[in-house]
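Asker: Once you've looked at the hints, dock chain B against the given chain A.
Protein sequences appear in the order of chains A and B.
The numbering of the first sequence is the working numbering, which starts it at 167 and goes up by one.
The numbering of the second sequence is the working numbering, which starts it at 355 and goes up by one.
Think of the hints as simulated: they come from the structure by calculation, not from any bench.
Some hints here could point you the wrong way.
[Claimed, not checked] Pairs of lysine-lysine, BS3-like flavour, derived with a Cα cap of 25 Å:
hint : chain 1 : residue 1 : chain 2 : residue 2
1    : A       : Lys249    : B       : Lys456
2    : A       : Lys299    : B       : Lys456
3    : B       : Lys374    : A       : Lys242
4    : B       : Lys481    : B       : Lys464
5    : B       : Lys456    : B       : Lys481
These numbers come from a predicted model, not from an experiment.
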Amino acid sequence: MSDDHHEQEPDDHGHHPHPPSDLEARALALESLLVERGLITSEAVDRVVRTFEQDIGPMLGARAVAHAWVDLEYRKLLLAQPKEALTRLGITQHQAEELVVVENAPGVHNVIVCTLCSCYPWMVLGLPPTWYKSAPYRSRVVIEPRGVLREMGLELSEDVEVRVWDSSADIRYMVLPERPAGTEGWSEERLAEIVTRDCMIGVARPAVPAGVA
Amino acid sequence: VNGVHDMGGTHGHGAVAVEKDEPVYHEAWEGRVYGMLRGLLRAGLFNLDEFRHAQERLPPAQYLESSYYERWLAALELLVQETGAELRTESLPERRVEPRFKPGDRVVTKNLNPPGHTRLPRYARGKHGVVGSVHGPFKLPDTNAHHLSLDWEPVYTVVFEAHELWGEQAELRQTLSIDLSQSYLEEEP
Numbered sequence: 167m168s169d170d171h172h173e174q175e176p177d178d179h180g181h182h183p184h185p186p187s188d189l190e191a192r193a194l195a196l197e198s199l200l201v202e203r204g205l206i207t208s209e210a211v212d213r214v215v216r217t218f219e220q221d222i223g224p225m226l227g228a229r230a231v232a233h234a235w236v237d238l239e240y241r242k243l244l245l246a247q248p249k250e251a252l253t254r255l256g257i258t259q260h261q262a263e264e265l266v267v268v269e270n271a272p273g274v275h276n277v278i279v280c281t282l283c284s285c286y287p288w289m290v291l292g293l294p295p296t297w298y299k300s301a302p303y304r305s306r307v308v309i310e311p312r313g314v315l316r317e318m319g320l321e322l323s324e325d326v327e328v329r330v331w332d333s334s335a336d337i338r339y340m341v342l343p344e345r346p347a348g349t350e351g352w353s354e355e356r357l358a359e360i361v362t363r364d365c366m367i368g369v370a371r372p373a374v375p376a377g378v379a
Numbered sequence: 355v356n357g358v359h360d361m362g363g364t365h366g367h368g369a370v371a372v373e374k375d376e377p378v379y380h381e382a383w384e385g386r387v388y389g390m391l392r393g394l395l396r397a398g399l400f401n402l403d404e405f406r407h408a409q410e411r412l413p414p415a416q417y418l419e420s421s422y423y424e425r426w427l428a429a430l431e432l433l434v435q436e437t438g439a440e441l442r443t444e445s446l447p448e449r450r451v452e453p454r455f456k457p458g459d460r461v462v463t464k465n466l467n468p469p470g471h472t473r474l475p476r477y478a479r480g481k482h483g484v485v486g487s488v489h490g491p492f493k494l495p496d497t498n499a500h501h502l503s504l505d506w507e508p509v510y511t512v513v514f515e516a517h518e519l520w521g522e523q524a525e526l527r528q529t530l531s532i533d534l535s536q537s538y539l540e541e542e543p
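So that you can see chain A by itself, here it is in the shape it has in the complex:
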């Protein structure tokens, strides 16, 4: 791992940019033990770290959504057989859990959560943001979804049905948001840029940037 500081050096002047924490020391000790026992290799850990920093993230889900917006057949496939649909786009690092794509429609809004831990569709969205794993979101979005969404900047009108999906077993969810008006004729690449992680969790809607015709 990056080691830009000295392990045991006391930080006696308060200028240390990154004092070694107790947690970091514990993680290092655990990794050393597990490597010594032959259970893991540091190279494999490096690869996981890098993969989720570089290769797997919300840009994958956004590509699938943008493609589904321009290709009706693909949209049907994404809803019916999500992993098959992702494979067609070259997205092949699939998680073991089943993936279900739920679609927003006029009058229907979907939002995902895991109240018991932090289940998340990492194969299309990468690792979850801290707020998704936090007590406020996990406790509240199931009992007051409109209130939570409003706080997060998404106001749903009263006639919209809210469907909350609590990922409590071996199924992971991704929201297929609605394509916003004003994006007619856009390329898939341009469409994918407005499909944010939060849109695919269901706490935001894709927005056309202000000033764009």
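Answerer: Then chain B, alone, in the frame of chain A:
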């Protein structure tokens, strides 16, 4: 376990704090912890249900005060200590059950309060819902988390009206879909 991890519908946790442009890992050690977890699951030192249950077994105050990866680190340390970092070789009894329900069936969740692991959230116990879809079979977490047996069961996405779960506090026009193992469900009488 009826633990603090089972947060659905509990009060007092405050507003959702969103960090703008959040990095994938805040500290390098967090990525190491994530990588170690994946490596150990692959090696078979423990399974994902055991890992979840290890977090649930942390003292409640520690669970709530710890950051996410801090909790993971504590759970990994606990499991490594308990297993002695030795891989298990024994094979577990395996069971399969026939699906009992189909989409559209009305079901009621059992009122289970096991001291061990379960994935039936407290807010959904003893509640009436409708089977939306059928998945699996998957290993029942309640026995898998204790390395007792491999109980392959269908999992049903059960749709509940918010009013059934939250009574008069429910927001209007809301449903909750929860994925539930067959063992958690009974036919609606």
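Asker: Starting from the hint list further up, note which numbers the structure goes against and sort them upward.
Answerer: Result: hints 2, 3 break, sorted rising.
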